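Quick note on UniProt numbering: the sequence shown kicks off at 1 and runs consecutively.
Derived from the structure by calculation, the hints contain no laboratory data. What you are looking at is a predicted structure, and each value in this text was computed from that prediction instead of being measured. Be a bit skeptical, because a hint or two may be false.
25 Å max Cα-Cα, derived SDA-like pairs, lysine to any residue [to be verified]:
hint: 1; residue 1: Lys-269; residue 2: Lys-292
hint: 2; residue 1: Lys-511; residue 2: Ile-633
hint: 3; residue 1: Lys-383; residue 2: Asp-339
hint: 4; residue 1: Lys-341; residue 2: Gln-513
hint: 5; residue 1: Lys-473; residue 2: Arg-665
hint: 6; residue 1: Lys-511; residue 2: Arg-610
hint: 7; residue 1: Lys-594; residue 2: Leu-333
hint: 8; residue 1: Lys-527; residue 2: Thr-495
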Amino acid sequence: MFVGLPHDRKGYTLMHLHSHLLIYSRDVTFWESEFPSINSVAAAAAYRQKSATDPNFIPTLEPNAPLPPLHSIITNRPSAFLYDKPLASSPPVLSTEPPSSRPIPALSVQLPKRIRDVFSAFSLTSPVFDPTATPLRRSYGRNQSAFSAHPSTALSAKPSMAKTTLDFISHYSSCLLMDTTPLESLDTYHNHMHHALVLAPTLPPSSSAPTLAPMEPLFVYALLADRANNNDPKDWRDAMSRPDRDKWLIAAKSEYESLLSNGTYVLVKRRHDETVLPCRWVFRLKADGTYKARLVVKGFMQQKDIDYTDIFAPVVRLEVLRFLFALVAIHDLECEQMDVKTAFLNGKIDCVIRMEQPPGSLIDPTSRRDYVCLLQKSLYGLKQAPHLWYWTFVTYMASLGFARLHKDRCVFLKARDDGFTIVSLYVDDLLIITPTKALAAALKESLSLRFQMKDLGPVRDILGWEIVRDRSKRTLFIHQSRYCSTVLDRFDMSTSKPCATPFECTTPLSKAQCASSPEDIAFMQTKPYRSIVGSIMYLAMGSRPDLAYALQQLSQFLHNPGLAHWRAAKRVLRYLQGTSNLGLMLGGRDYVSKPFLSAYVDAMCPDTRRCVSGFFILFFNSLISWLSKKQGIVTLSTTEAEFVALALCIQECLYVRQLAGELHRTSDQPISVHEDNQSAISIAQNAEHHRRSKHIDVRFIFVRDLVENKEFILHYCPTKEQLADFFTKAHPEPEFR
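Please model the entire structure based on the sequences and the hints provided.
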């Protein structure tokens, strides 16, 4: 049975159905009409009939497909994916006793809002958990972890058929846990489902009883969340079976005609000795109510050095984007935004790739059987699609006279006597900066001659950043309040009580607080800790430097977070609840009186001696770059730690200065760096090698050369005035504000 593609070798990962051993092979013949996991002969015959009539048929679990009775699932030998080892030959005993009427107390654990919405949609009560139920035992074998009922207990079941995906989850969970409570109602179905979520991970180990694989809590939550949030069609058949099928058909026709007009592929005769990649339709209902359909190649079946070579495609760095916005605000420049429609379809294929014709009624079945698509241009889903699009855009911009910057290969500059034009590229989002509207209009016209463009006008929203300009004051405000609201809603924290600081200064986080017991590990597996940290990271890297230190702390425990780490992550969300409107203010009319470049740097040594470096850089008093990061080496003193942080800050300052130089924004002023450690300043200014500092690595001594050449000036800054201190440690509310 095919189970996936290995990441460390070429070929396919297969599983032997009898021995359950994994096999790796490059010589594989796929039997796409055979489904050994289906127990029912009638169901297998129906699948074969569908696959025979539709070559693009993809077997899926239909939401309304009936399931076999409970006893048949347990007594029949199922797929190897449901069991860790073979079951005992004796069938389970079915109880004929009436259902238990004992009351079930309400569960104290609160489910996420989107999960509760699912139960509300089905007119169900929230799942509850009975701690007095018959205890289940966990059975461990070699490389296995499973749950089963006590040998003395009996299994009671109602041979009913699950009617929905939600019923299937509860039905499947109760089968695997083999609880003694009969399945008499949908409420009880969800009680059993919650046994899989809450009870199973905390059960004591045992070596007896037949071993059944449990339903993982995250798997159940994933299915429920998908059911609650994603109502888009899964494939062509699903889209055509809906009441709004006409709108989905119009969207698919529009995409299909776009492929034909763009010359994406040509039809060639099918050959049996060639590899043909399958494809599928992806349907999305966008936030503005428009219907979108895209044809996507199943690029995960491509083979390296055969179907693709290079796949790298850069995007503009976020600090460069903030630097450009600061230029726009300070010099009152025009800033327009454009979007490239179907950007990936513009790249030319650099190797031979054949693809099946699009599934659905748009293609004649006879043509689909005899002809395949020979791709002429890139298509969504191909591994090399971003790479091909990037170089297509670079080539065209070069023909227009634009040159790429060396410090960011996604920023293009064209300087002429009548003005300059700056273009930044982030996948298919373009930012056009010019001194006059005429230059921007000329570039838009040139781009529209080559690509299908969408003119979005003056920039207001890019990459989730909301832009507010006040041209009279020459300021530009960047905030992510809408994204903050989305994050709070996603994690059900929109009604939480706000707090004044993102991080608690009295209770530092440590590895000792990581989950250690099986109960704690199982509990944290049900929490979206990594998702919260990822959401915080996008805010901290965009317009919220006040979250940088909290992000640095939370990111250290992604592998095994504990309850203290979970509470700290939720505290950041509570902080966002009260500060979602904060952001960056760039520019200002008083920029002339401000230094060209300045920086503040600090370091803090925790008990591990692996210090935290923190700094931020101002361009004419506009905050464009910052960092809070644990140092990669162990330092022996605070002086050495501060010197390492100073070197890291100066590296970033050099990058920003060189970037400004490429954009013809240079200054003879030396860069001012504010440091609160006088010993570190002394080491940088004087060629002294004291007993406690002579071991400092040579890679940091380049700071001394830059200071001696008057490229940098180091200023002593008292700790109370050191603003970079907020990037290295948590502060109480009065200091933080």
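A quick look at each hint next to the structure:
For the proposed pair Lys-269 and Lys-292, the alpha carbon gap of about 30 Å is over 25 Å, so the pair is violated. Straight-line distance between C-alpha atoms of Lys-511 and Ile-633 comes to about 18 Å, which keeps the hinted pair within the 25 Å bound. Taken as a hint, the Lys-383 and Asp-339 pair is honoured in the structure, with Cα atoms around 22 Å apart against an allowance of 25 Å. Of the supplied pair hints, the one linking Lys-341 and Gln-513 is violated, its CA atoms being roughly 49 Å apart against a limit of 25 Å.
Proposed proximity of Lys-473 and Arg-665 is supported: the alpha carbons are some 21 Å apart, at most 25 Å. Simply put, Lys-511 and Arg-610 have alpha-carbon atoms about 14 Å apart, close enough for the 25 Å limit, and the pair holds. Distance check on the hinted pair: Lys-594 and Leu-333 sit about 20 Å apart at the alpha-carbon level, within 25 Å; holds. Distance restraint check for Lys-527 and Thr-495: the Cα-Cα separation of roughly 19 Å lies within the 25 Å cut-off, and the hinted pair is therefore satisfied.
Consistency with the previously given hints fails for numbers 1, 4, ordered from lowest to highest.
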